[in-house]
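Dock chain B against chain A, hints included.
For the protein sequence lines, the chains are A and B, in the order given.
Reading the first sequence from the start, the letters are residues 129 to 346 in our numbering.
Reading the second sequence from the start, the letters are residues 129 to 346 in our numbering.
Honestly, the hints are just simulated from the structure, not real lab data.
Treat the hints with caution; some may be incorrect.
You can't tell identical chains apart in this list, so a pair holds if it fits in one copy or across any two.
Said to hold, decoys possible - With a cut-off of at most 30 Å between alpha-carbon atoms, the simulated DSSO-like pairs for lysine-lysine come out as follows:
| no. | residue 1 | residue 2 |
| --- | --- | --- |
| 1 | K346 | K299 |
| 2 | K194 | K131 |
| 3 | K248 | K299 |
| 4 | K151 | K194 |
| 5 | K131 | K346 |
Chain residues, written in single-letter form:
2 protein chains.
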Amino acid sequence: MNKKMRVGVLISGRGSNLQALIKACEAHDFPAEIVVVVSNTPDAQGLERARRADIPCVVVDHRDYKNRAAFDAEMTWALEDAKVELVCLAGFMRLLSETFVEHWWDKLINIHPSLLPAFKGLGVQRRAIESGARFSGCTVHYVRHEMDVGPIITQAVVPIHNADDVGALSKRILEQEHRIYPMAVRWIAEQRVRVEGPRVIVSGYGPPENVLLNPAPK
Amino acid sequence: MNKKMRVGVLISGRGSNLQALIKACEAHDFPAEIVVVVSNTPDAQGLERARRADIPCVVVDHRDYKNRAAFDAEMTWALEDAKVELVCLAGFMRLLSETFVEHWWDKLINIHPSLLPAFKGLGVQRRAIESGARFSGCTVHYVRHEMDVGPIITQAVVPIHNADDVGALSKRILEQEHRIYPMAVRWIAEQRVRVEGPRVIVSGYGPPENVLLNPAPK
Numbered sequence: 129m130n131k132k133m134r135v136g137v138l139i140s141g142r143g144s145n146l147q148a149l150i151k152a153c154e155a156h157d158f159p160a161e162i163v164v165v166v167s168n169t170p171d172a173q174g175l176e177r178a179r180r181a182d183i184p185c186v187v188v189d190h191r192d193y194k195n196r197a198a199f200d201a202e203m204t205w206a207l208e209d210a211k212v213e214l215v216c217l218a219g220f221m222r223l224l225s226e227t228f229v230e231h232w233w234d235k236l237i238n239i240h241p242s243l244l245p246a247f248k249g250l251g252v253q254r255r256a257i258e259s260g261a262r263f264s265g266c267t268v269h270y271v272r273h274e275m276d277v278g279p280i281i282t283q284a285v286v287p288i289h290n291a292d293d294v295g296a297l298s299k300r301i302l303e304q305e306h307r308i309y310p311m312a313v314r315w316i317a318e319q320r321v322r323v324e325g326p327r328v329i330v331s332g333y334g335p336p337e338n339v340l341l342n343p344a345p346k
Numbered sequence: 129m130n131k132k133m134r135v136g137v138l139i140s141g142r143g144s145n146l147q148a149l150i151k152a153c154e155a156h157d158f159p160a161e162i163v164v165v166v167s168n169t170p171d172a173q174g175l176e177r178a179r180r181a182d183i184p185c186v187v188v189d190h191r192d193y194k195n196r197a198a199f200d201a202e203m204t205w206a207l208e209d210a211k212v213e214l215v216c217l218a219g220f221m222r223l224l225s226e227t228f229v230e231h232w233w234d235k236l237i238n239i240h241p242s243l244l245p246a247f248k249g250l251g252v253q254r255r256a257i258e259s260g261a262r263f264s265g266c267t268v269h270y271v272r273h274e275m276d277v278g279p280i281i282t283q284a285v286v287p288i289h290n291a292d293d294v295g296a297l298s299k300r301i302l303e304q305e306h307r308i309y310p311m312a313v314r315w316i317a318e319q320r321v322r323v324e325g326p327r328v329i330v331s332g333y334g335p336p337e338n339v340l341l342n343p344a345p346k
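Okay, chain A solo, but in the shape it has when bound (with noise of 0.2 Å):
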């Protein structure tokens, strides 16, 4: 079996799209694999999970550096030491400094639950349903400077719901994350993902054929 991709993920909290990523990597035939978990907090719910499939965790706790600089230095060194070749964001919340963004560019990938360029920044389920929009969904994408900016790997719609309160709609989107974040990781490893210029091909595989309509007629 061929070499697999090391992947570092960046977590802040409870860490349910690198539980999904986790998962993931169990198949024997995932091209990826987790070599080291990043928290920016002590207490990430997060590290549990990774402790529990005994992946080594780093806490970079933001509030033990003077500025961000030192802070993402830090993380990055944490990432080179463990040879990481892709780094996923899984609920990071911190800003990433442009000398980051730089060194990881392309290597760096963020899971965002809408669907961009619809609605970036935070509270986006909320602001999803108050704009009475009929689709919501999840975004893939490489990380640039500029948040909720960048190539678009891969996206899932969802339909909204009348009923639907956060909880709901939010809901629904990460059943859709857990599952895109992991196939846009594989296609990585597999060296299917190139970036031009803002448009991602992704070789060998084609868009669906079949349309959505909500409401759907009968």
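Just chain B, lined up with the frame of chain A:
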């Protein structure tokens, strides 16, 4: 059979959505009929489509009016004269005055070739492609004062393909426009549609059960 809802359609150009509405109205059980087509230019191709279907046409040439208020008042007069109950914008390229929008409040709908609130305004297919987004679509919504903002009645999602140019994506979206615009008119005529603040409830129709991923997993 119940009385049909009386619809007026405003156009500026070829009127392909007008054509879709004309076709829908030809079905004997369709609960709406187009009673007038208003164009702001005398050479709109859509006028020819309307005449072929024996629908009365009115040209209200914006160049003949000294300001938007006078132009809009003439359009309202033409629509009221035809006892219109619902006004559909179909590629109508003039901004409407606050007075017009208020006069037809909750009786004035538009179709827009994007998944609002993403990509308001013009050139939206090109902008969707350039954003790298994996999905676009179209939206039928009630018209409010701000352009391409207003309670959303229905949306359709279509995938964006790697090879798409503006023409290919526009065509894929237009096919769905031609499905959802008559559908929205039908639901309004059937009195299924209720505006609740920024959201719209369509009674008797629910969300689709499936999701869409792009690229699609095998």
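To see whether the hints hold, each was checked on the structure:
Proximity of K346 and K299 under a CA criterion of 30 Å is satisfied in both settings, with 26 Å inside one chain copy and 24 Å between copies. For the homomeric pair K194 and K131, neither the shortest alpha-carbon distance inside one copy (38 Å) nor that between copies (74 Å) is at most 30 Å. Taking the shortest alpha-carbon separations for K248 and K299, both the intra-copy value of 18 Å and the inter-copy value of 28 Å come in at or below 30 Å. In this assembly of identical chains, K151 and K194 lie within 30 Å of each other by CA distance neither inside one copy nor across copies; the values are 36 Å within and 68 Å between.
Within a single copy, K131 and K346 get their C-alpha atoms only as close as 50 Å, which misses the 30 Å cut-off; across copies the closest is 24 Å, which meets it.
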